[in-house]
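Participant: Make the full structure from the sequences, and use the hints.
Here the numbering used here is used: the first residue of the sequence shown is 71, the next is one more, and so on.
Rather than coming from a laboratory, the hints here were simulated on the basis of the structure. Because the structure is a prediction, the values reported are computed rather than measured. Don't take every hint at face value.
Stated by the list, open to error - With a straight-line Cα cutoff of 16 angstroms, these simulated EDC-like cross-link-like pairs (lysine to aspartate or glutamate) come out: (1) Lys378 - Asp202; (2) Lys108 - Glu83; (3) Lys379 - Asp257; (4) Lys78 - Asp436; (5) Lys227 - Asp144; (6) Lys290 - Glu315; (7) Lys467 - Asp257.
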Amino acid sequence: RHIPATSKPVSPERVAQVLADEWKLFTKNTKASEAESKRAFESLPLGVTSSFQHWDPYPISIVSAKGAWMTDVDGRQLLDLSMGFGAMLASHLNPVIVEEVKKALESGTLFVTPSPISTDAAERICRRFGIDQVRFTNSGTESTMYAVRTARAATDKNAIVKIEGGYHGSYDPFVVSSKPPIDKIGDAEDPIVYVPDGIVPGEMYVVPYNNADSLERTFKKHGSSIACFILEPVLENLGIILPDEGYLERVRELCDEYNVVLIFDEVKTGLTAGHQGAAQRLGVTPDLITLAKSIGGGLTLAAFGGKKKYMDFVTNGKMAHFGTFNGTPLAMAGVRAIDRLCSDQALADAEALNQQALDRISEIIDEYQLPAHTVGFGVKGCVTWSTQPVRNYRDYKATDFTVAEAHWLFALNRGIITPPGLDEQWLISLAHGQTEIDLLVEDFRDFAKALRA
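Facilitator: Below is the structure:
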């Protein structure tokens with residue numbers, strides 16, 4: 071994290087003008103995307119296959135991708151700095167992934183029986199992430215759901231504790247207090263649980279990130295009914311929020327003291343945090359871990375696993391886990407390819423490029439005295455529009471979303487696509503090189519100039 075020494079406010083009028091200019095440019099250059107969106111609306115709610123993909127007036131539509139670049143229906147070449155939130159860590163159409171998938175296609179796409187290819191993939195996942203056993207699923211939501219069910223089976227307790235603002239997929243308990251309205255969640259030290267319409271979450275408790283005291287109070291009061299505490303070790307649905315020194319270690323101690331299963335949701339960190347994931351990098355061992363995105367090379371794949379004493383409840387049937395498409399040969403081929411590609415050195419090289427981008431953008435922030443700072447973890451980075459460190463959801467909500475929107479749209483109009491929304495990060499994949507880093511940095515410099523014009 072780099073906090074600027076000095077900063078000056080950015081004129082709201084100037085930001086509004088930049089936004090207006092950029093939206094005009096966007097609609098001028100994306101006529102085919104607009105037409106495609108109108109067509110998609112007829113058969114798809116919001117015209118998209120996942121609601122996060124939609125934005126007003128319409129999203130761009132991609133027809134192909136290779137390496138670190140994508141092509142949209144308007145024929146524009148776009149530098150992909152989203153990379154599927156980590157799913158494309160190895161790049162689009164990486165030749166090693168294509169090779170492994172072609173091999174798998176020759177033997178079959180679905181067996182619905184045990185297969186050596188799934189055993190091989192499980193061994194690779196267990197070895198890399200330092201866990202005893204793993205089961206495969208098809209999405210991050212499935213993995214977090216089954217991890218919670220495993221914790222409930224192991225403890226004979228049902229309540230869940232999660233982080234305020236945290237996101238763990240669309241299973242009902244995880245939608246609770248995921249980016250809740252500030253005026254409806256009470257005191258920052260002891261938040262009120264916010265339940266959206268249509269959700270049936272069961273017994274839930276919410277605590278702020280980086281606040282072990284709040285967690286301890288919750289455990290003391292409700293520990294007899296709490297099965298698990300689930301959190302991202304590094305929050306990555308609110309930009310990037312890093313753990314305070316000693317926070318995760320204290321979380322581990324409290325979970326042990328109160329017989330609460332500690333679940334690390336590494337769906338988004340995973341291999342983007344380093345070649346063995348965030349837990350091992352940060353030195354805190356959870357009881358269960360959930361994985362997806364980066365482990366499968368772009369194939370539909372997720373997993374949950376951890377200590378054998380907990381996975382034994384899958385073995386004995388107390389936590390039944392089924393799925394026709396669990397561990398298909400194609401998905402397992404993705405695991406094998408990623409294991410070949412994501413060596414310690416390969417990920418260290420990508421991280422070095424990311425650090426270079428963070429350092430150079432920090433220099434621009436200092437040069438133009440922007441009210442912003444950079445945060446990075448592994449191969450991911452972001453610019454947070456605040457002069458203060460962001461430690462939790464309420465800090466995040468106090469950042470400047472208007473400038474963030476202008477920054478995202480400015481980059482998109484110049485051929486650089488970061489994830490839609492103002493809470494994501496750029497990702498430096500194995501396919502990004504110096505040329506792509508230079509484009510990212512110089513685009514930010516041009517944006518800084520526009521803000522100060």
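Participant: Now tell me if each hint is right for this structure.
Facilitator: Hint by hint, here is what the structure shows:
1. Lys378 - Asp202: holds (5 angstroms)
2. Lys108 - Glu83: Roughly 32 angstroms separates the two Cα atoms, so the pair is violated.
3. Lys379 - Asp257: violated (37 angstroms)
4. Lys78 - Asp436: holds (10 angstroms)
5. Lys227 - Asp144: violated (54 angstroms)
6. Lys290 - Glu315: violated (23 angstroms)
7. Lys467 - Asp257: holds (15 angstroms)
Of the numbered hints listed earlier, those contradicted by the structure are 2, 3, 5 and 6.
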